[in-house]
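Peer 1: Protein sequences appear in the order of chains G and R.
Each step along the first sequence adds one to the number in the working numbering, with nothing skipped, and position 429 is 429.
Count along the second sequence starting at 1, add 432, and that's the number in the working numbering.
Fair warning: there could be bad hints in the mix.
[Unchecked claim] One-sided and incomplete, this derived list gives chain R residues near chain G with beta-carbon spacing under 8 Å:
#1 510
#2 532
#3 618
#4 621
#5 674
#6 707
#7 708
[To be verified] The list that follows gives simulated cross-link-like pairs (lysine to aspartate or glutamate, EDC-like), each with its CA atoms no further than 16 Å apart:
#8 R/705 with G/262
#9 G/83 with G/117
#10 G/274 with R/515
#11 G/274 with G/292
#12 G/166 with G/297
#13 G/350 with G/337
#14 G/60 with G/318
#15 G/140 with G/126
#16 G/420 with R/526
#17 G/334 with G/90
#18 R/679 with R/756
#19 R/705 with G/318
#20 G/149 with G/126
#21 G/379 with G/90
#22 G/289 with G/193
#23 G/239 with G/227
#24 G/373 with G/295
#25 G/60 with G/86
#26 R/705 with G/86
#27 G/420 with G/242
#28 G/83 with G/56
#29 G/118 with R/515
#30 G/427 with R/526
#31 G/118 with R/508
[As the list claims (entries may be wrong)] Beta-carbon label-pair distances, calculated as ranges:
#32 G/117 with R/750: 54 to 60 Å
#33 G/343 with R/622: 52 to 58 Å
#34 R/750 with G/204: 41 to 47 Å
#35 R/488 with G/73: 38 to 44 Å
#36 G/204 with R/607: 24 to 30 Å
#37 R/572 with G/204: 28 to 34 Å
Keep in mind the hints are simulated off the structure, nothing from the lab.
By construction, the Cβ of each residue, glycine as well, lies at the ideal position given by its N, Cα and C atoms.
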Amino acid sequence: MTRFSASPHPLLGRRALLRAMVAGAGIAALPGLAACGSDGGGAVTDTVSFGNNQSDQVPKDAITAVLKAFEGESGLKVAINTKQHEQYQEQINNYLQGKPDDVLSWFAGYRMRFFAEKGLTGDLSEVWSKVSGGYEPALKEASTASDGKQYLIPFVQYPWGVFYRKSVWQQRGYEQPKTLDQLVALSTKMQADGLVPIAFAQKQGWPGMGTFDQLNFRINGYQFHVDLMAGKEDWQGPKVREVFDTWKRLLPFHQENALGREWQEAAQALQQGKAGMYLLGSFVAQQFKGPDVDDLDFFPYPEINPEHGQDTVEAPIDGFMMSRKPGNPEGARKLLEYLSTPAAQLAYVKADPSQVAASNKAETTGYNALQKKSAQVIKEAAHITQFLDRDTDPRFASDAATNGLNAFIQNPDDLDTILKGMADQAKTIFTG
Amino acid sequence: MTALQSPQSPRSPAEPAGTSAPSPTSRRGRRRRATALAPRDKLVLGLMLGIPSLVHIALVWVPALGSVGLSFSSWDGIGGFADIEWVGFQNYVDILTRYPRFWPAFRHNLIWLLFLLVVPTVAGLLLAVLLDRQLRFGRIYQSALYLPMVLSLALVGFIWQLIYQPEQGLLNNVLGTASTDPVNWLGDPDINLYAVLVAAGWRHTGYIMLLYLAGLKSVDPALKEAAALDGANAWQTFFRVTFPVLKPVNVVVLVVTVIEGLRAFDIVYVINKGRNGLELLSVLVTDNIIGESSRIGWGSALAVVLLLISLGFIITYLFQVFREEDRA
């Protein structure tokens with residue numbers, strides 16, 4: 001026969017191709033469908049899969065060692081699936097709707113609640129009933145969703161505070177400011193001494209949120225922070241206005257051109273003694289090497305409104321969730337229980353000394369000076385906040401909040417327009 | 433080829449029907465039958481047109497119309513169709529009235545387009561004309577000028593970040609302002625767009641130059657000679673003779689530049705994620721759709737705005753082309 005008689009085959013091929021394409025297009029257009037029917041379950045297995053977002057070598061090795069210890073203790077196997085840290089967060093939406101690992105890394109606060117309320121992660125109240133003695137009430141609250149059940153096992157946390165070099169301060173005779181006025185006085189003095197009083201960087205878009213948070217809960221208190229983040233308060237109201245007005249008063253003491261600088265560079269300004277103070281999380285220590293680490297110290301943000309004093313500390317919690325339908329539910333719960341133990345957490349923070357264990361039973365004797373201080377500050381706090389981008393709807397944090405703060409830092413005099421923009425966007429996002 | 437040579441093979445459509453010795457009476461009928469394609473031809477044509485069309489529809493039109501559809505919704509990307517809430521034109525209204533980043537992004541996209549249409553095009557044409565004069569080392573210049581085009585725009589972003597750095601960067605050190613009063617090229621929202629455009633233009637110029645150079649090589653030297661014999665000077669020869677001959681190249685350059693202008697994304701994304709003076713519509717689409725909790729409807733509405741702008745250019749261009757074809 002001639003070649004053309006073979007045409008039915010290309011036709012069939014086309015149909016098959018088409019079918020595949022339509023299926024492909026459908027899946028691409030509708031990530032939700034991909035999740036249907038993908039829940040394995042069924043088969044009995046002794047392996048627990050673990051979704052890890054610690055992609056840097058040191059923390060990755062540390063968490064691997066912790067999981068190895070669990071394997072030895074329980075006889076179960078852990079399959080680790082590591083993803084690059086930022087990528088993990090960007091893909092979490094599709095990850096949780098697809099075939100997530102049994103146990104997976106995540107953050108406490110609104111970011112946990114969002115997925116818990118969508119039914120994408122598993123209820124851990126059973127595990128919590130066994131481990132709740134190891135956690136302070138504030139940590140339980142941060143792991144609880146609006147239905148009163150827990151969805152996260154806290155692992156490690158780190159506080160935000162004003163960091164400084166002890167040697168520099170001793171040499172110049174500076175003292176820790178207890179109030180806003182003292183902070184202003186100290187900053188003025190530093191400026192006269194030729195130092196940048198407050199190192200500052202906002203290129204990554206989030207460090208400035210830390211400054212906003214501190215001023216906000218010092219001025220308006222913990223509950224206002226919670227309500228504002230939940231979209232229940234007005235960004236154009238007088239309370240938010242006062243936060244920005246205070247910030248405006250402090251801005252001349254901040255390092256200039258913050259929008260073009262990354263926090264690592266600002267941390268180096270502190271490390272080199274060019275800047276006197278830096279408000280950041282304790283991970284700032286990652287930029288300090290050897291003996292410099294011991295020279296680093298911090299104090300909680302000074303009091304502004306006596307009604308609230310220094311009762312709130314921002315101390316984001318990293319932990320683990322369980323997927324909605326884990327392949328090995330028993331193993332997953334066992335692993336989560338293990339991760340709540342002081343032994344597991346201490347083994348991890350030994351490798352990453354900018355964090356402290358979340359368990360209140362963890363022995364602090366093995367900590368370095370900074371970790372001891374961190375643990376103490378967290379313990380003394382009446383309220384713990386997570387961070388602006390962990391306490392509010394990510395749709396608001398990533399766009400309206402980031403760009404609003406950037407615009408303020410660029411043009412503090414445009415405050416009216418900026419706050420109107422943020423308030424308008426909050427209204428389109430918090431519609432519930 | 434066996435099929436076409438076999439006696440039973442259908443006539444190719446190009447073959448005039450009358451050549452196969454028809455009887456006068458049956459001429460009309462035969463011609464009609466021959467114009468109507470044989471089943472096998474239909475099948476071949478159907479496959480050749482059908483497969484690309486279906487691929488095109490599935491990969492271009494379905495997603496495009498899907499975006500248009502989703503732009504009327506409010507959806508966080510979790511769950512299926514049942515979870516999509518339809519909100520009509522609300523996204524568009526909010527974007528146009530309440531979204532502080534929209535109008536800057538819109539303006540930046542237009543500035544981007546205008547800049548690319550003017551600066552790299554003129555510079556590329558100038559370089560092409562110079563290189564066409566058979567300079568010594570012409571090929572080296574040509575390669576050097578084309579080299580940036582080999583780099584991805586993201587990489588161009590990284591390279592120029594080193595040049596623009598306030599304290600350690602090349603530019604401020606050459607200007608001598610690095611230690612005294614460094615210009616924050618990429619951090620100052622009043623100038624960073626233009627700083628980035630210089631980088632994007634640096635890459636685009638080489639491409640335009642190559643296109644014009646190819647066009648110039650195909651210009652018949654006899655035309656220029658004739659103009660010279662008629663007493664035209666160099667300017668007149670270029671603007672009256674050479675440039676009109678380059679018209680097809682101009683159209684290609686226009687299309688390439690418009691595409692380049694509207695798809696701009698990677699260079700600003702590597703510099704500062706498209707914030708603080710570098711907003712572009714493409715960045716806003718990405719910001720709203722990718723990430724932890726996406727606003728699919730909102731992002732789709734932004735994508736539709738970008739689509740409408742592109743359509744404006746495409747329709748104008750097609751209109752021009754078809755009108756010329758009609759005239760020809």
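Peer 1: Would you pick out the hints that fail for this structure and give their numbers low to high?
Peer 2: Of the numbered hints given earlier, those the structure breaks are 5, 9, 10, 13, 17, 19, 21, 22, 32, 35, 37, listed in rising order.
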